[in-house]
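Number of protein chains: 4
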Amino acid sequence: MSERDKTGRERGEEWWQTEIIEMAPGMIRLRGYEIQDLIGRVSFPATIWLMLRGELPSEDQAALLGIALGAAVDHGPQAPSIAIARMAATCGVGINSAMASAINVLGDVHGGAGEQALEFYGDIAVAMDGGDALEVAVSARLERFLNQEKGYVPGFGHRFHPVDPRAPRLLELTREFASRGVIGGRFADIAEALEAEIARRKGKRIPLNIDGATAVIYGELGFPPPLTRGLFVLSRSVGILAHAWEQTQQGGRNKGPLPREWLWAYTGTAPRPLPES
Amino acid sequence: MSERDKTGRERGEEWWQTEIIEMAPGMIRLRGYEIQDLIGRVSFPATIWLMLRGELPSEDQAALLGIALGAAVDHGPQAPSIAIARMAATCGVGINSAMASAINVLGDVHGGAGEQALEFYGDIAVAMDGGDALEVAVSARLERFLNQEKGYVPGFGHRFHPVDPRAPRLLELTREFASRGVIGGRFADIAEALEAEIARRKGKRIPLNIDGATAVIYGELGFPPPLTRGLFVLSRSVGILAHAWEQTQQGGRNKGPLPREWLWAYTGTAPRPLPES
Amino acid sequence: MSERDKTGRERGEEWWQTEIIEMAPGMIRLRGYEIQDLIGRVSFPATIWLMLRGELPSEDQAALLGIALGAAVDHGPQAPSIAIARMAATCGVGINSAMASAINVLGDVHGGAGEQALEFYGDIAVAMDGGDALEVAVSARLERFLNQEKGYVPGFGHRFHPVDPRAPRLLELTREFASRGVIGGRFADIAEALEAEIARRKGKRIPLNIDGATAVIYGELGFPPPLTRGLFVLSRSVGILAHAWEQTQQGGRNKGPLPREWLWAYTGTAPRPLPES
Amino acid sequence: MSERDKTGRERGEEWWQTEIIEMAPGMIRLRGYEIQDLIGRVSFPATIWLMLRGELPSEDQAALLGIALGAAVDHGPQAPSIAIARMAATCGVGINSAMASAINVLGDVHGGAGEQALEFYGDIAVAMDGGDALEVAVSARLERFLNQEKGYVPGFGHRFHPVDPRAPRLLELTREFASRGVIGGRFADIAEALEAEIARRKGKRIPLNIDGATAVIYGELGFPPPLTRGLFVLSRSVGILAHAWEQTQQGGRNKGPLPREWLWAYTGTAPRPLPES
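Protein chains in written order, with my numbering: chain A, 1 to 277; chain B, 1 to 277; chain C, 1 to 277; chain D, 1 to 277.
It is possible that some hints are incorrect.
Going by beta-carbon spacing under 8 Å, a handful of chain C positions derived as facing chain B [as the list claims (entries may be wrong)]:
#: 1; residue: M99
#: 2; residue: L146
#: 3; residue: P162
#: 4; residue: R166
#: 5; residue: H243
#: 6; residue: P271
Treat the hints as calculated values from the structure; they're not laboratory data.
We put the beta carbon where it would ideally sit given N, CA and C, even for glycine.
Required output: the full structure, derived from the provided sequences and hints.
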């Protein structure tokens, strides 16, 4: 590369800037660490943390991250993401594409509750930083939600599970890590206070769900809300892959949502002739 | 931009080379034509042709392309592509993403039959170019298929329609365009001879389907086989959009494949305790 | 299917309801019309309209829809959608998947300006329905935008084209169709008044762009704003396909954004040894 | 649900069959284990194994799986997958959709080398099961490849790295796990014999790359070749997420592949007037 090329090439290369990875022929560094130093010495969850945060976590932090990632891997074929993975696997595309069609639908409704929950907790934490007591901050934020926003409080309630079996276990583990000083425990406090306040106001318990519980953990570990959705994608990708693979082995071609001998209900215009133009 | 930059910038720009579009501030040309000259004077199907082929079609050619594109827009919610579009539309993603998850599954099995059919016809056409009579070429290719390849002859038979109502109408129109000299009619001959030969060998009629019929038209118009799949994507995208939009209006959150109060059949390992590690 | 099956099957089939398509073995109806009646008698843009709206358009309406669809097919490889289609085409996936990765990014920023523009026009139209004069309604809405919202007025200005060559031509055609009574012309009035008011307030002309111009047409034709994005997807899919196909023919494996012999600028942490755990 | 519903519902539910997950209100079991038993006691890589294989791995097996997953998380913005993730992140779509567009391109060329490598190794292993010595089996398979197949031997050579720094480290760890009896070491033997034989025949060393090295590990652990690609997707998703997130923080709208002030090289037809129709 001659000097005359330099400026143009430099401009091209600076268009793609990253703090994540450095490369030269025969060399790969992630966040400043040689890849061959990382391999075999840093666990997979710790590598995820390093890539997203820029620094290595403690072993305990990595363990807690791994716990949250493992908890949400699957919710069965009635979840649109899982059903899509299985249907796609029968359409003649690679397993990567079956996964992509599925991951793509982990949007605001299907994958965004954790992000919304952590934002909600964060608003309360900010009020507490400003001097509010936990209960006051929780009550005020919930009040605002019930008055101005709509739908479900993010992170609470489940249309299928009266109590989501993942949530209490995750909260229990969060408390355990907090007791050992790995995390502070503030988001666990907020989530529990929220659950109590929702019960008080609604007159019935609407328990913390998986999204609310993983949001607690991700928040405790210092992840910003949008990464909560990204981490959920990493987690659910495991179930998406498992189901795409199982469907591949079951076979089938162009699997539809209902048994092949069924159709759908047509509710439109009755048969009619094409008008003479 | 100084002269010193030139070489690097030129190298960057030549990395992205295209014969399709030329631009400068205030100017857009497609295949050499000013965009403002095209707009309002060239139909949408003709624009599709120009973009893919590099030259403008005749009005008749564009009309026949439009006919094939219009014929395959939808096959209902039991098609994985349509079901996926509708499910995705309830997951909190944009309509573009609902469409993408659906289009993505128009793979070898769900979207590739037209491409395979046109390749099959093309093999026969090559044999005819080499001097074989139509019936000889058809019989030889079919013989090879039945002996060495497997599954269905691409473009023939339908798991739902005894006769696909789109195919005979498309073939009728193809004959009409051929009679006016717009196209040659050779691929229509090949498809009909194939249908007859399959019937003779199998002892029952396995009629031409939509993929086989559109492949005839795309072949007559000179499109190479891989574009047949691309054109099918353009066509089916219309139904995908219509269903995504209808589902958006129907509402629903995280629509699964089966009624919400149903589950799926679990056929795996019985409940078991986690082993002591 | 016995009577005992009926209730469960009916419940299954009603889970998937549509007014778009009706099917039985050998029969396909779109919006009440037999598919074989539509094929060859209804143009591709008219079929798009029928699928999305439920009724057939007039020939003029279909023509105007086709004009808007044809205008936005491509904006070259510096548009992320087009670049993604070309890169994907070198990665060993089907043309449908290359298209899907590209279409998927036609989101709020890349594909949403038309939708936002039509919503903006619609707010003004509502004020006019309430009795406001055009200029008053335009000025009030723009005032609100400049005070409370941020960024660019949707549908105006272009980072590359001082004047987007597609917009004036589309507006000219809109006027022509309005003069023949095909459409009312109100959205064209609104867009022109907006352009004038923006110029007055900003002291420089920020002209209507392709998104603003197609939003005028889609609004005139009665499409709701979210479909504006869907129609843009149908339109841009043509360019996406053309570029994916051209790249396939050019060849290449795992095409990156920059020339192969270049890298990117690494701006992160300096090399460091892995800490002793 | 009455008895009359039963048959239809049962048919619906059996259409979606899985051995992976069992659910009832308040209960989730993965492969027979209660989710609350798994959470906190089974690592993330072990959960991935359980989901894909149906049984829990040993701690050592899970550790080796985690090593392979961690090794391939990123290869920088010149990889199409990473570039696409970053571009998508500027287009106004959710982080899940930015990830999906990227994951989607991990196809036969970009993501399939590991799968192909493991199939290649497997052919050699089968010959060894039939009685061939390692060197004989390797030589015969390579002979066949060089004579009948084309391109690169899958898993060997790298267009950028003279020696891929990940591969020797992964092989060293594989040997270490084999020496402790966690795995057999046969695929490591095959890969090393292949490398030697390629060098002998080509007269230059074409070293094992990341795909070839992870294929060794996945093969040693008993994963079938198609899952090798699925595991690569899980691994690379980490880098895809990290880059999408970094780009989100850097900002930008509709990021193209080249610096904004550049274009592309147009190599098509010269400007021409639209023909009079």
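Do the hints match the structure? See the list:
{"no.": "1", "hint": "M99", "result": "holds (6 Å)"}
{"no.": "2", "hint": "L146", "result": "violated (26 Å)"}
{"no.": "3", "hint": "P162", "result": "holds (5 Å)"}
{"no.": "4", "hint": "R166", "result": "holds (6 Å)"}
{"no.": "5", "hint": "H243", "result": "holds (6 Å)"}
{"no.": "6", "hint": "P271", "result": "violated (27 Å)"}
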